[in-house]
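Participant: Whenever a hint applies, use it, and build me the whole structure from the sequences.
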Amino acid sequence: MRAVLYHQKHQFALSLYAKLHIHHIIWSLLHHIQGLSLLKSMQIKFTKMHGLGNDFVVIDAINQSIDLSTEKIRFIADRHFGIGCDQLLLVESSDTDTADFRYRIYNADGNEVEQCGNGARCFARFVHEEGLTDKDKIPVITKNGLITLEVKENNEVTVDMGIPQTAPQQIPFVTEHEAPLYHLEFNGKSIDFGAVSMGNPHAVITVENISAAPVEKISKLLQASSHFPNSVNVGFMQIISRGEINLRVFERGVGETQACGTGACAAVVAGHIQGLLDNNVDVNLPGGKLSIHWSGGQNPVMMTGPTASVFNGIISL
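Numbering (my numbering), first residue to last: 1 to 317.
No lab work stands behind these hints, which were simulated from the structure alone. Careful, some of the hints might be misleading.
As the list claims (entries may be wrong) - Cut-off 27 Å, straight-line C-alpha distance, at most; resulting in silico cross-link-like pairs (DSSO-like, lysine-lysine): (1) K152 to K135; (2) K289 to K48; (3) K72 to K45; (4) K137 to K220; (5) K48 to K143; (6) K152 to K189; (7) K289 to K220; (8) K220 to K143; (9) K189 to K48.
Facilitator: The structure is reproduced here in structure tokens:
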């Protein structure tokens, strides 16, 4: 009887030991897999910035390895689950002798775009603050070409936005002839607008009161129109005087933003061409004021405005 009990106890002890050993192996495997997952995830340093409330996540892609898919960009831009921004900006090394950096811009929907004026000002301040350059004038290459950024006092930056393009094929805008003002009909209602490219396409509509303008409704109609094969940013301009306007902009891939630098430039160009505005114009946006200068013709548009750094952080992707 004692031998039987001893055998049963011995078998139970062996069984318990085996179970504990198996549990230990499983736990070790899970811990190892979790460790591998953490090793595979990217740890990305970033800076949150804004220009008049038009906000950005700015990433140094020179001193850290970056591999961002469309889904990852959308996650970063998500205001509930990510960091939250209108656009993501990448600072990359230049592959040309004429530029110090490559400036890449991604909208919140994950698509890369040609230009962003408020982002350009934040880009200039970022490379200065991060010690990537000590120059006050910084040439950078964008998807659409070369622009020059000039860092000034009081966190302001002036951007040489280049020569505005009004030829329909350069915007691009599908129409027969170039004109200061175009007309499209939607459901029997006519929309009149100017069309300009500041490296990205803009339609500018003059309204009596921007507060009462159906911004989202009209913008979505124009953005979905086959006349704009690359979609379009839509600005609603209220003229206060020949040197001052109020402006709201509904950006493609983002929606209405607090400020749009290229939209401010496009509005001044369109108003100037239509004989409504002078060379120097203060543009009041929901997020604040930009100063725009354009003397017409084949001269570049100069944009001056403030920037702000909000915080630095690290995100795991």
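Participant: In ascending order, which of the hints set out earlier in this document are inconsistent with the structure?
Facilitator: 4, 6, 9
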